[in-house]
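Protein chains in written order, with my numbering: chain A, 1 to 474; chain B, 1 to 502; chain C, 1 to 99; chain D, 1 to 217.
Since the hints were derived computationally from the structure, they do not count as laboratory data.
C-beta atoms are modelled at their ideal positions from N, C-alpha and C, and glycine is treated no differently.
Do not take every clue at face value.
[Said to hold, decoys possible] Which residues of chain A face chain C? A partial, calculated answer using Cβ under 8 Å: (1) G14; (2) L18; (3) L22; (4) W29; (5) L32; (6) A33; (7) A39; (8) L140; (9) I155; (10) Y180.
The lines below spell out each chain.
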Amino acid sequence: MADPLVGLVLLPLGWATLAFVLGPGRGAWAALAGIAAQAWLAWLLAAQVGAGGTARHAVGGWGAPLGIDLAADGLSAALLLLTQWLALGVALYARSYFAAGDPARRYFWPLAGFLLAGLNALFVANDLFNLYVTLELVGLAAVGLVAAAGGERQIAAALRYLFAALAGSGLYLFGVALVYGVYGTVSIATLAPLITPEAPRLVWIAGGLMALGLVVKSALFPFHFWLPPAHGGAPAPVSALLSALVVKASFYLLLRLWLGPFAPLAPAAAWLPALLGAAAIFWGSWRAIRAERLKPLIAWSTVAQLGYLFLIFPLLAVPAAFGAGVMQVFAHALAKAALFAAAGVFIQATGQDTVAGLAGAAARLPVTLFAIGLAGMTLAGLPPSAGFLAKWQLIEAALALGHWPIAVVALAGGLMAAVYVFRVLRQAFCLAPAGAPVAAVPRALEWTAFALAAASVLLGFFGVDLMTLIEVRA
Amino acid sequence: MSMHAWLPLAVLASSLVPGLVIFALPESWIGLRTALNLLGALVKLVLVGLLLAGVAAGEQYGFRHAVLPGLELAFKADALGLLFISLSAVLWLFTTLYAIGYLEGAPHRSRFFGFFSLCVTATMGIAMAGNLFTFFVFYELLTLATFPLVVHRGTPAAMHGGTVYLAYTLAGGAVLLAGIVWLHHLVGHTEFAHGGIAAALGPQYAGQLRIVFLLLIAGVGVKAALVPLHGWLPRAMVAPAPVSALLHAVAVVKAGAFGIVRIVYEVYGVEFAQSLGLLFPLAVAAAVTIVWGSLRALFQDDLKKRLAFSTVSQVAYIALGVALFGPIGTIGGLVHLVHQGIMKITLFFCAGNYAETLGLHKVSELSGVGRRMPATTLAFSIAALGMMGAPLTAGAVSKAWLIEGARAAEMEWVIGVLWTSSLLNAAYFLPILWRAWFRPPPAAWPDEHIPARGRRETAWLLLVPPLVTAAAVVVAGVFAAADWSPLAWAKLIAAREYVTPQ
Amino acid sequence: MTSGLLFALVGVALFALGLAGLVLIGDVLRRILAFNLMGSGAFLVLVGLAQRNGVPDAVPQAMVLTGIVVAVAATALALALARRLDAQREGALPEDEDG
Amino acid sequence: MKRLAVFCLACAFVVLTGGALIELGPAAIDLRGQVAAQLAASGVSHPVTAVLLNFRGYDTLLEVAVLLIALLAILAVTDKPPAAPVPAHPLLQAVARGATPAMILVAVYLLWAGAHRPGGAFQAGAVLAAAAVLLHLVGLLPGWGAPGLRLRLGLTAGFALFLALAAALLSQGALLQYPPAAAGTLILVIEAGLTVSLGLILAGLFLFLSRDEGGET
């Protein structure tokens, strides 16, 4: 595959199709081989972008605005890297996770493949309408993966998720329609110089609608209602993919548009997402602290952690804020995938997922427990994790602009995260009820969870590399 | 990488690597685990010895790694850091020996020793931190590594103590972080440097710098157990005795006190701190802590709780020494960092011996224990006398320098505080000694695990560590004037690093 | 006013109607219809606004074709989920053929 | 209360957006000229088809993937065997039988017409699917169970062909960069493949769903 940019989209489309043709439940090897190749391509692309600046590809050779351009700057390359490597971990996990007769396994591989294709296509897209198609690709695949578990709870959650996703993409599409009407193009690169603070009122409306749609898809408070049942109810590998990557995709797009073509309009609304983000941190953390079952706890934690991403919007005048956002995306993605993977281990071992029920199993699954501990460090923003670097940059940016309430929110949110994380961890030290049955769990499950969690902490030592990469801007 | 870079890293690795390996070991591999523990402790001692020799000769050791643009993990082994490192490395060895004996046959020992090693690693990181950022990283790691040790027993009381511990330390960490980022924002970096870094800012920043100082001291004050931030320390007493030793002498409260030293001397600079009027409030806080801790200790019947409140009081001596403007007070505070460590660890070892051997937990149960366990009680007595500041002990040396320092700084009221504290110390220690030596023993001990065999009053691994540290209390007191004494090293630090010729 | 602009205005109204329906209505089938109304509104705006000067523009027309297919896919999935949910909720009860 | 609020918001939105629409000036960029200019090089003479399969063919590729995802998701949530067909009135069956060849013919015409007038693969596929649905409704075509290998191949063939060609065209320098001379043929090949697969997929969206009907009771 000559051009990694294109390869990252075509490969998952290819192996997803192959996995479907091979038949229900088959195709794990095709998927693993494909994702491994994608991981390599993402690495190549990151190196290429780091050395030579933004990578571009004009599909069909036409070039924007007639054709569709693909482009990957540092941010895209970083997220592609994260997506492929995280997917590799989750795929290894999933291969061992699903039992032979599990209905959720039948179409897991093709759906996961299309999901990855959608994510990759989204990260390289540079065209508002093409982005709409990729949003739908991601959204429908995610809904399919949730629904595939097949229980009544999951189907209901999937339906709720679907409506939220459709409302979100509908709002986005309407905004795109208005933008095309005003400017006659949907190419981001072409639009960027055209949109000015004096833009017609319609452009403001369009920007607002698109932002609203993306916010709904990112589950920002108060649009988070769909997330906990969907992420908390899906099988563990699916929850991991959704919480780690899917919600980040719409955030990425929002950030890209905010910093890109809509930058001249953006400052007007910068405090709104931040306020909602703060509310998300408090409400999500509170619900996580109160949750009785493990997976809903983790899902509510996602609601809270997404809040941090939106705190950066009033601070984007300082480079550290952009860095904080990207670092938080990485930290949360890795940590959350690890947590859902670890939760899956406990569910398989004990057949239930109450927090209190961990007491018996935790001492017998030390690797998984460590995974939760390390991932928890990241979520609570404790050093030396990547989550800590994100928090550091966020607070620094807040102080640099004198917006200290944001710093207070970040610190308080970290403490609340520590409360729900240690609520889980302390179970491991409680005296175990004698003779609670603990089923054997494939070691691959435990170790992939651990590897993801360890990555979320170790990334804290490589912040410079990530920051250097994302400095490459279009 | 030159030796000057890898030596600090090797000091970290000498406990980190054994710790990580120990986690992976099956519970039953006692031999290998013990060997790893001791090997790590001994290697660390050798490495620390190399560092000591090098630093005494004026060598510079350091290592830096950027984690974000403009933000570096920085390690340096300077004289001040080495004071703390040496204390921790030596006491780690004895605590490990003691813990091996103490936990014989107990469950979850791999987990225990794994976190134990991580805890020491974090302490080494705190001691060698070259800037506040690095200090904070290891300060929080220390919290995380000690939590599993505090709740090790898994009883509801242990869980409660651990939860309170976490609540205090994590909240303190958040406050500390706020202060550090603020400082980083103002100054652009957080390096520890002779004479401080904050003085470079103009006078218009004085107000902000005062708030930052408050945040920083409140943050480290939680671990240093400054009143009113001390609430976790007595509750953490539910932990096993080696952990208490670690909390009180080797790592946690010391980390807090050490943080105060670094912040006052190397972040603000003592002269600048004085000019901002920050030292007097610190001295008051320390004085209040000293008196309050001693008063509370008087009324505790639980032996470990009494010792815990004693720690609250004694660690504040270090902060007090720092707050006394002038080299003599500095020396008194710094040397107490070491002296308090060896005295308090002895006391906790002995308290653990009483509990493990005879099931004695309360002061009121100790009648006649001196006859059943004379060696342990002797060690306890020496350390207790040291705490009171009795002549020929380490405690006397610290107190003498602190009193001199107060006089030099013209803060006579501090002398009153110190004398009050000594009297209170006597009031809560002497009854214990009297009871142990002169009251008749009960007909049967509450819960005798380890029967006396000949002259061996308890297991060897429990007995040797307190005897050695008790001996050290005397040696440090008698030979305070020697070249190799903690006092000499404290003078070296004061002479080399802080005090501008006056 | 050109017909294109009229289309766009109607599209705005349809979109608002659909969105309000999606927010307010609880019944699944009607929500699916509301979503389709929203989509139709967006398509009308896309095509209508682009040809407000009276000359048709092929690019938005092609986009709308793509959008319609996506909407078909989403609608089918929503219907499938709704049916499945109904079947599960009603358990053994026989289902009305007309759904 | 909520109803009133939403109603007011919706009205305000319509007024605001409508007002902004009316006062809008001409667009900054007009792609009509570019489309017309490049039409000759696109391989087809109908501008919509040129946009759909050439200029913005990448969108179309992804859009077929969206359809496949919906199909996969439907397959993943339905696990009952297909319901037995319920035969309709013989007259209806006869009409449906008669209509089917005509519909296939219409589909082929639409496919061919797409190159120069309204039509194309999607329209053709939709007609094919309609024929299948019609046959199913009159009881001549049973609902589909879990798809066998042949059906799976049929469902994906069009997409796979499109994907393979898109990738192969990378040799021309870019994804989906048709050599102008062969563009017309290649587009027709892609559209033919898509017609079959889209017909099957769209029919599948209906026929796989039919499994959930309460027919077996």
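Hints, verified against the model:
Because the closest C-beta pair between A:G14 and chain C is about 20 Å apart, greater than 8 Å, the hint is violated. Violation of the interface hint for A:L18 is found here, the shortest Cβ-Cβ separation to chain C being roughly 21 Å, above the 8 Å cut-off. The criterion of a C-beta within 8 Å of any C-beta in chain C is not met by A:L22, whose closest approach is roughly 23 Å, and the hint is violated. Hint status for A:W29 relative to chain C: violated, with the closest Cβ pair at about 28 Å, above 8 Å.
Hint on A:L32 is violated. Least Cβ distance to chain C is approximately 27 Å, over the 8 Å limit. For A:A33, the shortest C-beta to C-beta distance to chain C is roughly 28 Å, which exceeds 8 Å, and the interface hint is violated. Checking A:A39 against chain C: minimum C-beta separation of about 29 Å lies over 8 Å; hint violated. At about 6 Å, the closest approach between the beta carbon of A:L140 and any beta carbon in chain C falls short of 8 Å, and the interface hint on this residue holds.
Among the interface hints, the one on A:I155 holds; its C-beta lies about 5 Å from the nearest C-beta in chain C, closer than the 8 Å criterion. At about 6 Å, the closest approach between the beta carbon of A:Y180 and any beta carbon in chain C falls short of 8 Å, and the interface hint on this residue holds.
The earlier numbered hints that this structure contradicts are 1, 2, 3, 4, 5, 6, 7.
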